[in-house]
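Asks: Letter by letter, the chains look like this.
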Amino acid sequence: DQQVKQNSPSLSVQEGRISILNCDYTNSMFDYFLWYKKYPAEGPTFLISISSIKDKNEDGRFTVFLNKSAKHLSLHIVPSQPGDSAVYFCAASVPGTYKYIFGTGTRLKVLA
Amino acid sequence: DGGITQSPKYLFRKEGQNVTLSCEQNLNHDAMYWYRQDPGQGLRLIYYSQIVNDFQKGDIAEGYSVSREKKESFPLTVTSAQKNPTAFYLCASSITGGRQETQYFGPGTRLLVL
Chain Y
1 DQQVKQNSPS LSVQEGRISI LNCDYTNSMF DYFLWYKKYP AEGPTFLISI SSIKDKNEDG
61 RFTVFLNKSA KHLSLHIVPS QPGDSAVYFC AASVPGTYKY IFGTGTRLKV LA
Chain P
113 DGGITQSPKY LFRKEGQNVT LSCEQNLNHD AMYWYRQDPG QGLRLIYYSQ IVNDFQKGDI
173 AEGYSVSREK KESFPLTVTS AQKNPTAFYL CASSITGGRQ ETQYFGPGTR LLVL
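Sequence lines, in order, name chains Y and P.
When you line the first sequence up against this note's numbering, it's residues 1 to 112, in that order.
When you line the second sequence up against this note's numbering, it's residues 113 to 226, in that order.
The shape of chain Y in the complex, shown without the other chains (with noise of 0.2 angstroms):
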């Protein structure tokens, strides 16, 4: 039962555009999250999060929104950079325990 989607397994986008990936939970108790970002034979590194008290948190070219009436989370990169082609992974922080929940990852190309 996979907890945690990330419907989308890549992505492409021209560099200077928006990109916007999507992640959904099913676990209406999940109360934070977080972005990963994931270059290859490289371990994921943090992004940013967002906890579900708010619906929107932003970092520099990255902002995550949170809708929790549809149990959905999006990662929006603005302008997208080449730089930023990587493989992105959303979290899930499940209640009463240490654990994560990762989904299982969007590969995003950005096209120069």
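Simulated from the structure, these hints should not be mistaken for lab results.
This one's a predicted model, so the numbers in the text were calculated from it and none came from an experiment.
Per label pair, the in silico range of CB-to-CB distance:
1) His76(Y) to Val164(P): 39 to 45 angstroms
2) Thr208(P) to Glu15(Y): 37 to 43 angstroms
3) Thr191(P) to Lys109(Y): 37 to 43 angstroms
4) Leu224(P) to Glu15(Y): 31 to 37 angstroms
5) Asn130(P) to Gly60(Y): 41 to 47 angstroms
6) Lys195(P) to Leu111(Y): 39 to 45 angstroms
7) Gly152(P) to Val78(Y): 27 to 33 angstroms
8) His72(Y) to Asn130(P): 41 to 47 angstroms
9) Lys195(P) to Pro82(Y): 38 to 44 angstroms
10) Thr191(P) to Pro82(Y): 39 to 45 angstroms
Covered, in the sense of this in silico footprint (three residues per stretch, anywhere, with C-beta under 8 angstroms from a C-beta of chain P), are these stretches of chain Y:
11) 41-50
12) 97-103
Residues from chain Y that face chain P, not an exhaustive set, calculated with beta carbons under 8 angstroms:
13) Val4
14) Tyr32
15) Leu34
16) Phe89
17) Ser93
Each residue gets a CB set at the ideal place from its N, CA and C atoms; glycine is no exception.
Got chain Y sorted already, so can you dock chain P onto it with the hints?
Replies: Here is chain P on its own, set in the frame of chain Y:
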């Protein structure tokens, strides 16, 4: 530079053999984690340690063992009982292991079965 190191980068295992993956951190973090990544799947938690000499099983601990004798080290042994060990293994750490803490990852070890 503070960080997490994993070695080796690639590891080959023969049938019936135990192999140990190394994970070391100099971030002074209390908590350390082991995850497994398979193609088309998210990261799955194998084991977790919040403090030296203590660790708990994650979601897929069968066929794996760990030790935490030092704060900075959390080696993972893939035993012969793990029937499908081929995967990418990631080690991570966080400050205390509390809820909603950011986890910092090492570069990973890819294990292949011969």
